[in-house]
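S.K.: Here the protein sequences come in this chain order: A and B.
For what it's worth, my numbering labels the leading residue of the first sequence as 1, then goes sequentially.
For what it's worth, my numbering labels the leading residue of the second sequence as 1001, then goes sequentially.
FYI, nobody ran anything at the bench for these hints, they're computed from the structure.
Here a beta-carbon is modelled for each residue, glycine too, at the ideal position from N, C-alpha and C.
A few of these clues could be false.
Once the Cα atoms are required to be at most 20 Å apart in a straight line, the calculated SDA-like pairs of lysine to any residue come out as [unchecked claim]:
(1) A:183 / B:1155
(2) B:1183 / A:183
(3) B:1155 / B:1129
(4) B:1245 / A:239
(5) A:190 / B:1178
(6) A:150 / A:160
(7) A:44 / B:1083
(8) B:1225 / A:177
(9) B:1159 / B:1189
(10) B:1178 / A:235
(11) A:190 / B:1183
(12) A:44 / B:1189
(13) A:178 / B:1160
(14) B:1190 / B:1083
Which chain B residues stay away from chain A? Per the calculated CB distances, all over 10 Å, these [claimed, not checked]:
(15) 1066
(16) 1096
(17) 1099
(18) 1100
(19) 1122
(20) 1237
(21) 1245
There are 2 protein chains.
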Amino acid sequence: MERQEGLTRRDLILSAGKVVAGAAIITAGGLTLVSDAESSKGGKRPWPYTKLDPDEVAKWAYEDWYRHFCCHAVAASILSALQKKIGEPYTSIPLDAFQFGHGGVVGWGTICGTLLGAGIATGIIASHQGEKIANDVIAWYASTQLPIFKPDKPKAHIKNVSRSDSPLCHISVGRWMKKENVKFFSPPRKERCARLSADVARQTVILLNAWADGKYKPTHGSQAKTHQMPTMNNCTDCHGSNIPKLPGT
Amino acid sequence: MERQEGLTRRDLILSAGKVVAGAAIITAGGLTLVSDAESSKGGKRPWPYTKLDPDEVAKWAYEDWYRHFCCHAVAASILSALQKKIGEPYTSIPLDAFQFGHGGVVGWGTICGTLLGAGIATGIIASHQGEKIANDVIAWYASTQLPIFKPDKPKAHIKNVSRSDSPLCHISVGRWMKKENVKFFSPPRKERCARLSADVARQTVILLNAWADGKYKPTHGSQAKTHQMPTMNNCTDCHGSNIPKLPGT
Chain A
1 MERQEGLTRR DLILSAGKVV AGAAIITAGG LTLVSDAESS KGGKRPWPYT
51 KLDPDEVAKW AYEDWYRHFC CHAVAASILS ALQKKIGEPY TSIPLDAFQF
101 GHGGVVGWGT ICGTLLGAGI ATGIIASHQG EKIANDVIAW YASTQLPIFK
151 PDKPKAHIKN VSRSDSPLCH ISVGRWMKKE NVKFFSPPRK ERCARLSADV
201 ARQTVILLNA WADGKYKPTH GSQAKTHQMP TMNNCTDCHG SNIPKLPGT
Chain B
1001 MERQEGLTRR DLILSAGKVV AGAAIITAGG LTLVSDAESS KGGKRPWPYT
1051 KLDPDEVAKW AYEDWYRHFC CHAVAASILS ALQKKIGEPY TSIPLDAFQF
1101 GHGGVVGWGT ICGTLLGAGI ATGIIASHQG EKIANDVIAW YASTQLPIFK
1151 PDKPKAHIKN VSRSDSPLCH ISVGRWMKKE NVKFFSPPRK ERCARLSADV
1201 ARQTVILLNA WADGKYKPTH GSQAKTHQMP TMNNCTDCHG SNIPKLPGT
């Protein structure tokens, strides 16, 4: 079984109740609150994790996209499930904090908000181990025809799937919009991003569950070390000759 | 004075002590912990904020880059200062969760980790108001010759500043590396990113302080609404004719 900081995964999961119980300490001087973040400085990270149902989380993420968009949909679908199943320390995390990731971070088209939500959730749960999971989720996203998720009651009809080849919102959604022949502010595009949120939340939970079982093995290498530069893998999308030129350039 | 959810900024700051005091409730049934995240669902967001010294935060961010890289440097320089000044609810946030943003999110070269750190910090502090601050910080970053920060004891010598024209790590650091004529894994590049972390942390605190004073007015519009698409403003970096082609493309 994979061990981390001297505790097995099973120890961590079983210790969830103890961590919550340990959050309040009565001292001679009165009531002292010791947050888990403070105690985590003493080595109690990662936080306890209990396996989640990937399909249930996916459904929640799909619905949540229509309330709070992509980044929140993925981060909150996972973290709110842990708030319900485990309680503290997860209930101390203000989930509304993570809405800002929509549209590639406040609409700037950088990293797809679903991937940012995955990074935030795995970072909060699994600390540095979460980086490896986030890395694998990004690699999976860029190489997979998405969306896969089919809602029971779709809010719009969509015809196409696409492979983004990139973690960037602008490229990922742009490639799909071109194929579907729709505008950004259209019901089909919203539906595509809601379904994509379900897909990324589901994939993240699958890897987190494997990690909880001690069976997770990172598969994607370090982008920066491999290429000696932080970079995506879709080099020719910008450095190639087949990208549409803007008028006058 | 700007009002939000029926409270003035001053009310929010003054209420900090009350919120912390309210985190533990003794009931007839024993000790019940009510997290601020839970109570925040009842409308207590944004969290209390007290003005920080932008220059002190900048110095901390610079040093922290060499420990935990860009995203953590910005998020933790601000949030750890609030952990010290305010305590809960900030001490419940596990700051190590945010290291994953380094190198444009785990080395994928997407959003500069400093900007992601700013988005996370402002989201945690200011909820939806934080989005506007993050948006303005991104616009400022892309249009400013950076780095500006000069450490008292630099860890490496650098000669150049550059204007990224983009929130992307890959483009921002690549443009500077070309000007400085250094590789990514080199002491000058590390020094540049450490100083940039100080700059972004400082700018974020300046806007947060204005917000706390009720004097913050968002200046940058919505990228997605303006362009009908999530996008950066450096269109010709990819859709232009002056970008270096890769061999064979």
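S.K.: Next, verify each hint and record whether it holds.
M.R.: Quick rundown of the hints versus the structure:
no.	hint	verdict
1	A:183 / B:1155	violated, 49 Å
2	B:1183 / A:183	violated, 40 Å
3	B:1155 / B:1129	violated, 36 Å
4	B:1245 / A:239	holds, 5 Å
5	A:190 / B:1178	violated, 39 Å
6	A:150 / A:160	holds, 12 Å
7	A:44 / B:1083	holds, 18 Å
8	B:1225 / A:177	holds, 16 Å
9	B:1159 / B:1189	holds, 11 Å
10	B:1178 / A:235	holds, 17 Å
11	A:190 / B:1183	violated, 40 Å
12	A:44 / B:1189	violated, 33 Å
13	A:178 / B:1160	violated, 40 Å
14	B:1190 / B:1083	violated, 27 Å
15	1066	holds, 17 Å
16	1096	violated, 5 Å
17	1099	violated, 7 Å
18	1100	violated, 5 Å
19	1122	violated, 7 Å
20	1237	violated, 7 Å
21	1245	violated, 6 Å
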